[in-house]
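Engineer: Make a model of the complete structure from these sequences and hints.
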Amino acid sequence: MELIHHKILGLTTIIYAIILLLHFIYFAFKKEAILKAIWWVIYINFILHTLGLIFRWIDSYKLNIGHAPLSNLYESLIFFSWCICLIIILMKKRLVYPIITMFSIIGALFFIAYASLSPGVDKGIQPLIPALQSNWLHIHVITCFISYAAFVISFICSTLYFLRFDWSIMPDKNTLEELNYKSIMVGFPMLSAGILTGAVWAHYAWGSYWSWDPKETWSLITWIIYALVLHARFVKGWRGNRLALISIIGFFSVMFTYFGVNFILSGLHSYAV
Amino acid sequence: MLPKEPLPLQSAMNVTKNSDEKDKPIKEKNTINRLVGFFGSVKLSIFILSFIAITSVLGTLIKQNAPAEEYISTYSETVIKIIVFFKLYDVYHAPWFIGAVVFFALNLGVCTFTRFFRKKSSASFSLPDEKTLSDMELSFTLNKDLERIILPLIKKKFKKKIYDGDDGLIYEKNTFSRFGVPIIHISIILILVGGLVGLIWGYKGFLVLHKGDVKEKFLLRGEETKEMSLGFTIRCKDFNISYYPNGSPKDYVTTIEVIEKGRVILEKDIRVNNPLNYKGWHLYQSSYGISPLFMFKIDGKEVKLKEYDEYEAEGFIMIPIKFDASIHNFGPGVQVAYLDNGEPNTAWFLRDIPKMNHRNLAGKSVILEDIKEDLWTGVEITYDPGISIVWTGFALLLLGLYINFFVISGKVYIRRLPDALIMAGVSAKHKERFRIILEKIVRGLNGTDPS
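From first to last, the protein sequence lines are chains A and B.
Heads up: the first sequence begins at 1 in this note's numbering, then just goes up one per residue.
Heads up: the second sequence begins at 1001 in this note's numbering, then just goes up one per residue.
Please note that a few of the clues may not be correct.
Said to hold, decoys possible - Interface residues of chain A toward chain B, partial, derived using beta-carbon atoms under 8 Å: (1) A113; (2) L117; (3) I129; (4) A131; (5) S134; (6) A193; (7) A205; (8) Y209; (9) W212; (10) T217; (11) L220; (12) I224; (13) G237; (14) L265.
It should be emphasised that the hints constitute simulated quantities derived from the structure, not laboratory data.
Think of the CB as a built atom: it goes at the ideal place given N, C-alpha and C, for glycine as much as any other residue.
Structural biologist: Okay, here's the thing in structure tokens:
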């Protein structure tokens, strides 16, 4: 059944692709006006993306199984993509570098396109199984995915750090380092909040705030890696390649927490993401 | 393994202590200080944390608490020996893992104490010299006469004056944000302590309840037969499952009555996400299942038996030992064990096959009249005295994170020079926001040129 939110989100996906294209055009012509246009399209698409989420919510009520669109792989991918867009808008003042917004948009585009195009992702709205019927669902998923999105920015900046192009479009290393660190400053407390809300929820749903379920364990590993990044920087004064490298490892851990655990390992979290 | 470079603070302490107490054996003092230095070193924390992170991975790769057969079929003999030796089948409860976590908590405690609470006394708020200030990233040189205008502005924004001398002033914004890190560290220690308390003094178990069952003991998790008393009685008043139109489960509800001294104290519907709390015990809706109930007629007498229920009458003993929902295409059946003149024997009964639903066992006429489905609900039971400590830790951790990451803090230095005023700002975590605040102040000044 084709529902209205599928159409909106389909359009959103196309516009993300257009934003990407606009970046290429900007790099070719370097006109300020194009950059301005890029940001306007990002704003408009963010509103559209938000509408898509709202309509999916409304559609679920029409099916009499109303719940926030945060409950399965499809919904989490769409929401993850939305969070990436949200983060670049919130960090707009710092992310004046089109190369960074471009890679962020590639991320947002990848996840939303994967959600709609992969045959392995069920696009339907399923009713909430008893374990997910909790108000902790919202705050837990929102905090986790905002942190993941912030770590996307951190990953982009640390990866660019290793690319030694002498392009004019490349921010200098100090800026990349500062941005990496800034995004971890958002991601780390959010991830902590995500783990804590998850633990409180687990206490009510599973009878134990910590069960060493693979997803819990991997989120803890991720948390430890980013805690190490912060301490290496603040206490040990680490800078440069070493710090960028740990940030990249941290992001692989994030992705493994998100996908790997579901596809490779099994556990209590297997019903969703 | 001692850290090669002790913290500057530690070495400073060594010097003062040793000079103060020259008469005492220096060696002993050194050992203590070295020990503190060792436990409080950041290198050690990084090492233990990395160790915990890496070993945690093992627990997600090796299946935890699986039956022995599973390991035997998956791994070679040598690997199994390693798994058993290091308790890798239950990594997170292995003594070495818990030891590492406890060690980390100690390290974190010492580290936090030495770095934040002792350091404070040694930290002096002296005004950096002119060159240092003008070299700072955020530095302004201002007209000397502006001092009387700028000071109230700074005071309004920064509130706290931490240094006031002839050469200048230091203001600090949100001094308390300094406590963010120690609060985070202490809250992590609290969470770990709470976890340990729960591990030592807590209980976890499981109870299977059929409608109408009355129980006051439950089976401890990980133990085959060890039962634990709740200290009160519970009765399963009802159990219901509801489904969505598409057939997936919507709600599991067990109605539980708490009974003490024969009186019903409390009645509650427990569902997933909605446990029953009573006297520190938590009862969770955890699972459900269907168990068969066999309706026999033995020598003309109606007998209801569940699996492994023992029936005994006039020296005849019979136990249903195996249920099969469908034997080939013959429908459900049950295998019973019985004593035939003192010799153990077994026999199958098939409900839907007339020839196979009655037999003579040891001279008794046994008829399987029906197999009914008996719904049971699985209730998980926990008792965790550490939970309030953990919750306190969680709340503190969120507070600490907020203070540390989201409260804008920093210092502003104002130095009086013979012919000018130099103002510089430093913020470890919020450079950009700090720049905006200071630039706004300076821009405001330009509008009010005193000359």
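Engineer: Which of the listed hints are not met by the structure?
Structural biologist: 1, 2 and 13
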